[in-house]
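For this one, chain A is given, so just place chain B on it according to the hints.
Chain order of the listed sequences is A and B. Following our numbering, the numbering of the first sequence begins with 1 at its first residue and continues without gaps. Following our numbering, the numbering of the second sequence begins with 1 at its first residue and continues without gaps.
Possibly wrong hints are sitting among the right ones.
What the hints assert, rightly or not - Part of the chain B face toward chain A, derived, beta carbon under 7 Å:
id, residue
1, V38
2, I81
3, V89
4, L91
5, F110
Said to hold, decoys possible - Far from chain A, by Cβ distances over 12 Å, these chain B residues were calculated:
id, residue
6, E70
7, E71
8, G73
9, I97
10, G98
11, W119
12, T127
13, Y133
Don't read these hints as lab results, they were simulated from the structure. Don't be surprised by glycine CBs; every beta carbon is placed ideally from N, CA and C.
Number of protein chains: 2
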Amino acid sequence: MTTPAVPAGNWLDELHFDEQGLITAIAQEVLTQRILMVAWMDREALQETARSGRAVYWSRSRRRLWRKGEESGNIQNVREIRTDCDGDVVLLQVDQIGGVACHTGRHSCFFRVLENDGWMVVDPVLTDPAELYGKP
Amino acid sequence: MTTPAVPAGNWLDELHFDEQGLITAIAQEVLTQRILMVAWMDREALQETARSGRAVYWSRSRRRLWRKGEESGNIQNVREIRTDCDGDVVLLQVDQIGGVACHTGRHSCFFRVLENDGWMVVDPVLTDPAELYGKP
Numbered sequence: 001m002t003t004p005a006v007p008a009g010n011w012l013d014e015l016h017f018d019e020q021g022l023i024t025a026i027a028q029e030v031l032t033q034r035i036l037m038v039a040w041m042d043r044e045a046l047q048e049t050a051r052s053g054r055a056v057y058w059s060r061s062r063r064r065l066w067r068k069g070e071e072s073g074n075i076q077n078v079r080e081i082r083t084d085c086d087g088d089v090v091l092l093q094v095d096q097i098g099g100v101a102c103h104t105g106r107h108s109c110f111f112r113v114l115e116n117d118g119w120m121v122v123d124p125v126l127t128d129p130a131e132l133y134g135k136p
Numbered sequence: 001m002t003t004p005a006v007p008a009g010n011w012l013d014e015l016h017f018d019e020q021g022l023i024t025a026i027a028q029e030v031l032t033q034r035i036l037m038v039a040w041m042d043r044e045a046l047q048e049t050a051r052s053g054r055a056v057y058w059s060r061s062r063r064r065l066w067r068k069g070e071e072s073g074n075i076q077n078v079r080e081i082r083t084d085c086d087g088d089v090v091l092l093q094v095d096q097i098g099g100v101a102c103h104t105g106r107h108s109c110f111f112r113v114l115e116n117d118g119w120m121v122v123d124p125v126l127t128d129p130a131e132l133y134g135k136p
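So here's chain A without its partners, still in its complex pose (with noise of 0.2 Å):
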């Protein structure tokens, strides 16, 4: 019987989690390259992540797991996660269920950018959020 060279789990010693045991991590859409948000992860998330293939956040606001889509729908699909050269970021390419990542209703969370010294609001309204979140 053989030892794994990297037992499993391991990977997430490599990571460095902040003194509250998080890591950013990035969504990025596989279809348009588009960053679609920035949220955190705790390790119980990420590990969940990458054994569902389904990507779950930590809420800092309601301090707990987010299964994102648990509400809406529109959960993320995780075909690849990476991290960097300093191992505290991770860089999730999922498929975006529904089209929308944010909850404004927006395709993606960036959706203002900086013109003439103030933030435009450049990309439209896809869902009512209202209907994202309000359903009786």
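Below, chain B alone, put in the same frame as chain A:
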């Protein structure tokens, strides 16, 4: 004489800098749409970036402004600056001079992919780091 509706500099106040006065900055390459790197900016770095059109970050290790490319020559020309719905991340669209953003000599800092519970290096070194930084 009229007062501008949005006074110069005010756009910085709409962002959320953390308790260290920093905000996460992502550099995405215009040409390839790859994420090149993630770093930090303080207000001064972001203001200079917006004004000069060249990426300036805050180096946490050196505790000073870090004009990307100041040693290697691999500067980043900034074509667009976006922020997200929370205003706690900025996303730069950049042209990466020299084709190398990472201090390891690779195109992108995100050169490791999670495969079979381990991080696999999947991108080549394009420039010897000694050449980038070690010039006598």
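The hints, checked one at a time:
{"no.": "1", "hint": "V38", "verdict": "holds (5 Å)"}
{"no.": "2", "hint": "I81", "verdict": "holds (4 Å)"}
{"no.": "3", "hint": "V89", "verdict": "holds (5 Å)"}
{"no.": "4", "hint": "L91", "verdict": "holds (5 Å)"}
{"no.": "5", "hint": "F110", "verdict": "holds (4 Å)"}
{"no.": "6", "hint": "E70", "verdict": "holds (18 Å)"}
{"no.": "7", "hint": "E71", "verdict": "holds (16 Å)"}
{"no.": "8", "hint": "G73", "verdict": "holds (19 Å)"}
{"no.": "9", "hint": "I97", "verdict": "holds (19 Å)"}
{"no.": "10", "hint": "G98", "verdict": "holds (17 Å)"}
{"no.": "11", "hint": "W119", "verdict": "violated (6 Å)"}
{"no.": "12", "hint": "T127", "verdict": "holds (14 Å)"}
{"no.": "13", "hint": "Y133", "verdict": "holds (14 Å)"}
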